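So the protein lines, in turn, are chains A and B.
The numbering used here applies: residue 1 is where the first sequence begins, and numbers increase by one.
The numbering used here applies: residue 1 is where the second sequence begins, and numbers increase by one.
Don't read these hints as lab results, they were simulated from the structure.
None of the values given here were measured: they were computed from a predicted structure.
Any given hint could be a false lead.
What the hints assert, rightly or not - Listed next, the stretches of chain B that the computed footprint assigns to chain A, with coverage defined by at least 3 CB atoms under 8 Å from CB atoms of chain A:
(1) 197 to 206
(2) 287 to 301
What the hints assert, rightly or not - Taking lysine to any residue pairs in the SDA-like style, the calculated list, with each CA pair at most 20 Å apart, reads:
(3) K341/B with P342/A
(4) K27/A with E343/B
(5) K341/A with G268/B
(6) K51/B with L124/B
(7) K27/A with P24/B
(8) K341/A with E44/B
(9) K27/B with H425/A
(10) K137/B with R113/B
(11) K27/A with G426/B
(12) K369/A with P24/B
(13) K51/A with H170/A
(14) K369/A with H7/B
(15) K369/B with H170/A
(16) K341/B with R298/A
(17) K369/A with H170/B
(18) K27/B with P342/A
(19) K369/B with H7/A
(20) K369/A with G43/B
(21) K341/A with P24/B
(22) K341/B with G268/A
(23) K383/A with T21/B
What the hints assert, rightly or not - Which chain B residues stay away from chain A? Per the calculated CB distances, all over 12 Å, these:
(24) D349
(25) D372
(26) P515
Glycine included, each C-beta is placed from N, C-alpha and C at the ideal position.
Protein chains: 2
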Amino acid sequence: MLGTMQHWPLLCSKVIDHAATQHPHRKIVSRSCEGPIHETNYGELRGRALKVAQRLVRDGIGLGDRCATLAWNTWRHLEVWYGLLGIGAVYHTVNPRLFPDQIVWIVNDAEDRVLFVDLTFVPLVEALIARMPAIEKVVVLTDAAHMPATTIPNAVAYEDWIAEVDGDFHWLEFDENTAAGMCYTSGTTGNPKGVIYSHRSNVLHAWMAATPDMMGLGAADVVMPVVPMFHANCWSLAFTAPLTGAGLVMPGPKLDGASIHELTERFGVTFSAAVPTVWLMLLQHLEGTGSKLGTLRRVVIGGSACPRAITEKFLKNYGVEVRHAWGMTEMSPLGSICTPKPETRPADDEAWLDLQVKQGVPPFGVEMKITDDENRPLPHDGKAFGRLKVRGPAVAASYFHGVGMEHFDSEQWFDTGDVATIDPHGYMQITDRAKDVIKSGGEWISSIDLENLAVGHPDVAEAAVIGVAHPKWDERPLLIIVPKKDREPTREAILDFMAGKIAKWWMPDDVVVVPEIPHTATGKIQKTALRDRFRDYRLPTA
Amino acid sequence: MLGTMQHWPLLCSKVIDHAATQHPHRKIVSRSCEGPIHETNYGELRGRALKVAQRLVRDGIGLGDRCATLAWNTWRHLEVWYGLLGIGAVYHTVNPRLFPDQIVWIVNDAEDRVLFVDLTFVPLVEALIARMPAIEKVVVLTDAAHMPATTIPNAVAYEDWIAEVDGDFHWLEFDENTAAGMCYTSGTTGNPKGVIYSHRSNVLHAWMAATPDMMGLGAADVVMPVVPMFHANCWSLAFTAPLTGAGLVMPGPKLDGASIHELTERFGVTFSAAVPTVWLMLLQHLEGTGSKLGTLRRVVIGGSACPRAITEKFLKNYGVEVRHAWGMTEMSPLGSICTPKPETRPADDEAWLDLQVKQGVPPFGVEMKITDDENRPLPHDGKAFGRLKVRGPAVAASYFHGVGMEHFDSEQWFDTGDVATIDPHGYMQITDRAKDVIKSGGEWISSIDLENLAVGHPDVAEAAVIGVAHPKWDERPLLIIVPKKDREPTREAILDFMAGKIAKWWMPDDVVVVPEIPHTATGKIQKTALRDRFRDYRLPTA
Ligand SMILES: Nc1ncnc2c1ncn2[C@@H]1O[C@H](COP(=O)(O)O)[C@@H](O)[C@H]1O
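Bound conformation, chain A alone (with noise of 0.2 Å):
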């Protein structure tokens, strides 16, 4: 027997729909990318999203079909996202920091038909579009008195292509589970894997993240997404602020922290998300100045661990609380934030920021496991580490064109790839990517706490950790350092730090002093370039 309730397919379309129909006067600021702020509302937005869908199914573009986009997070870019999924196509974000010859494959492997481009990116696209021969269209995100002198074939602008209809439009209706968004993960081997999010897995995602204990978002918050759009979904922010209600203020293409603290305080952000680097560079920005946080009340940071330092600052010294989240492309990407329970509700702040390092806990719709190599389970006590697993209706089962099957099981678990405890209530910490803890004597050690732990020490800026060869131990730690300006940190001063904050045999072998650490283009730290630069390291234990 069914339910005799509505079919009401949980299409995107519906989220613009509901924000323009509940909130049709709430703000969307962006920087744009011709440097002007602009403002706009979902009321307008929707209008124009409804353009963009319009004039695509008069370019041909229809169900299924792929779109790549270059851009920073402006109006724009909602409006493009808005108007393909609104017709059934798959906006296709390009991290425009991946290599160009990444950038060529992954285009060509989703064979995506029309580009969008900021003004940024055209002589990027520039180089690239002969080798991209499935692009129809490049459309150029700006007006026609911005719009460059350019070698691009069928080079449009913006303004102009919307301009040729009238938005007398509706949305298409199709199943739930139609493509909706597609997004690369930048994988260090092999070649990247696209991962093809649907209607439906965007709109459940989107709820999971509004919940109170998640992102906990409302009609009253600013939210100001600093994650790029291209970054895994935007961290569902490009769904949950419509659907809950909540203004927007886009960066655009400036991240540095002045400009995001300018944003902050004319706006009123209320609410932010992004990368540690980029709460590095805000904190430095507001130390030098003296500056504060007048309505900023809670940031959202992952993407890679989040240090003690960082939402200790945010904390004692702004008045801002930090909400620590692990989450994958995969995933959509959410796949825990770290919040209190009543159980471990702290004693005190102290108590409270040494959880905090934890990623902490599954939304309902995400299910969690640790195993052994043999996929058993391990035990929830916070100190058996193993493969992090997981399920749930946003997690994906499988990548475009059905590579990388060996990372889902029969069950449909999803193999991250990282290595965590989970403990007695619930919170998982990541202690590394599988393919970075360093095995010493058969135990693993993590190189994620001992970064960690450096980065305490005051005359540090960056650290990371990777295993080098050991005759003895198969592989020990070492530890590379960046300083902070001025500052000369000795091995000696650095080790005498660590020491007695971990066990013994966990202390790293040696440390080097090193300007700058490498990068990739979605900001975690690239051990595998360490690891070929440190391959031949002798390490004084050896």
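Put chain B with the ligand on the given structure of chain A with help from the hints.
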């Protein structure tokens, strides 16, 4: 093209699994029908629900089988819900306050096979069981020690019944559109009509309800659903609490002010939900005893219009936030909740209290419009009032057995039978039931507006307004009031109080003082009974 996301059906069993995994020790406190307070938690509750499921299967109950409950809010009632849900059987909550003939009618209409009954209602079942031939077994929700001698054939004590299995059982998997629960609308005319919730609609509805601007629940909350589980799907709380990890306090059979207050204080209730009458009783108790509310932060009030006086007392005397809600059995039931938007954020308490008499704004997942009798949309100006129509994934598309299809149009809009205005900010206000609105000289007068105004008078405990035949105007309003204890309000005093606060032509033509006003089984004023009683009433103006 489809997304590559997991097929993870939205089944209610996953909600209790989540609670038992993430919040195993979170308390569920109940006032038992036997008397004492009982404590359990999500981990144990799930374990016992598995036994219910396993035991049901042994009794031959399976997918699609309806099983009735005649029970208060307790842990056992919850176990029965989740046990039934876990095998795809259907919980059918029967409102024990219905007329016995109605109970027989709906149990037979649903063809319930098992009946779960609280001690309180054993005599009722004894009187009716012979007329409900489809019932194969009656499970009395108690243990052997409290099992009464009964004439009910095939009666068994719940604890004995589940003790026959070991709980080594797994939830069954099935389509998310499978029937989950069933509830009949009280329907003042014609036979009651059955609404069948699906697993999908229950889960989606719980997500909607959890969001910050709706109920806004998290793991730190202790939720006391005073609204019975037999009233419109328990307003989602049987799902929203475990989904968010909130604790539960179940009031069992005692809903008087003193009992509710005792539980609130003793178990740290932070959130509760009930109809206005319950809150009136609580407020009277608090005033009578000079008591306070220690932990309560928020109450959701719905089911009928919440008078400003209740909201005001909660806010000013007890610091409790009222969220005025509107919904229907057919909507799972949440339709709207009154929470502020930035543009309506009130200048002061008084302005906010004024706004809170409105039923508020729908969540994402509820579409809403008002139309005239010809289905033409009416303006959202806060003045025009018309038929309120809704759509969404947790709104009924039909009733059981296909009856009542006249309530649904070809585009799936469900005509709620309520009459409402929608203001420019999207706030909906119920002005009447379509059949209660007073038609005076071709214009409509809202009976609810007049009632809300009249109960603001210090001597008035309850008020009802009905239309009475008038030779010139067709119908004119008659105000019927119940005085507060030891007060004797006069016709003139009441009319004086109302004068100037509403349009002159809305003023009641007469006032009648009665000792009591009849209520329906769900606590609403029974206007049909009043209309019958005052059918031949002669207005002084006639
Ligand atoms: N907050 C409210 N204000 C006015 N009427 C309400 C409210 N909540 C529910 N109702 C009425 O209750 C009806 C639903 O009854 P039921 O299906 O028994 O829950 C609605 O159609 C309304 O007429």
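Now for the hints, and whether the structure bears them out:
1. 197 to 206: With 6 residues close enough to chain A, the hint holds.
2. 287 to 301: Since three or more residues must qualify, the claim that chain A covers the region 287 to 301 of chain B is violated, with 0 doing so at under 8 Å.
3. K341/B with P342/A: 29 Å, violated
4. K27/A with E343/B: 11 Å, holds
5. K341/A with G268/B: Holds: K341/A and G268/B sit about 15 Å apart, inside 20 Å.
6. K51/B with L124/B: 27 Å, violated
7. K27/A with P24/B: 42 Å, violated
8. K341/A with E44/B: 19 Å, holds
9. K27/B with H425/A: 14 Å, holds
10. K137/B with R113/B: Satisfied, since the Cα-Cα distance of roughly 7 Å is no more than 20 Å.
11. K27/A with G426/B: With a Cα-Cα distance of about 16 Å, the restraint between K27/A and G426/B holds, given a limit of 20 Å.
12. K369/A with P24/B: With a Cα-Cα distance of about 16 Å, the restraint between K369/A and P24/B holds, given a limit of 20 Å.
13. K51/A with H170/A: Holds, at roughly 10 Å.
14. K369/A with H7/B: OK: K369/A and H7/B at ~18 Å, within 20 Å.
15. K369/B with H170/A: It holds: about 18 Å lies between the C-alpha atoms, which stays within 20 Å.
16. K341/B with R298/A: Holds: K341/B and R298/A sit about 19 Å apart, inside 20 Å.
17. K369/A with H170/B: Holds: K369/A and H170/B sit about 18 Å apart, inside 20 Å.
18. K27/B with P342/A: Satisfied, since the Cα-Cα distance of roughly 11 Å is no more than 20 Å.
19. K369/B with H7/A: 18 Å, holds
20. K369/A with G43/B: 17 Å, holds
21. K341/A with P24/B: 12 Å, holds
22. K341/B with G268/A: With Cα atoms ~15 Å apart, K341/B and G268/A stay inside 20 Å; holds.
23. K383/A with T21/B: With Cα atoms ~18 Å apart, K383/A and T21/B stay inside 20 Å; holds.
24. D349: 17 Å, holds
25. D372: The assertion about D372/B holds, with a minimum of 19 Å to chain A.
26. P515: 41 Å, holds
The structure fails hints 2, 3, 6 and 7 (numbered hints given earlier, in ascending order).
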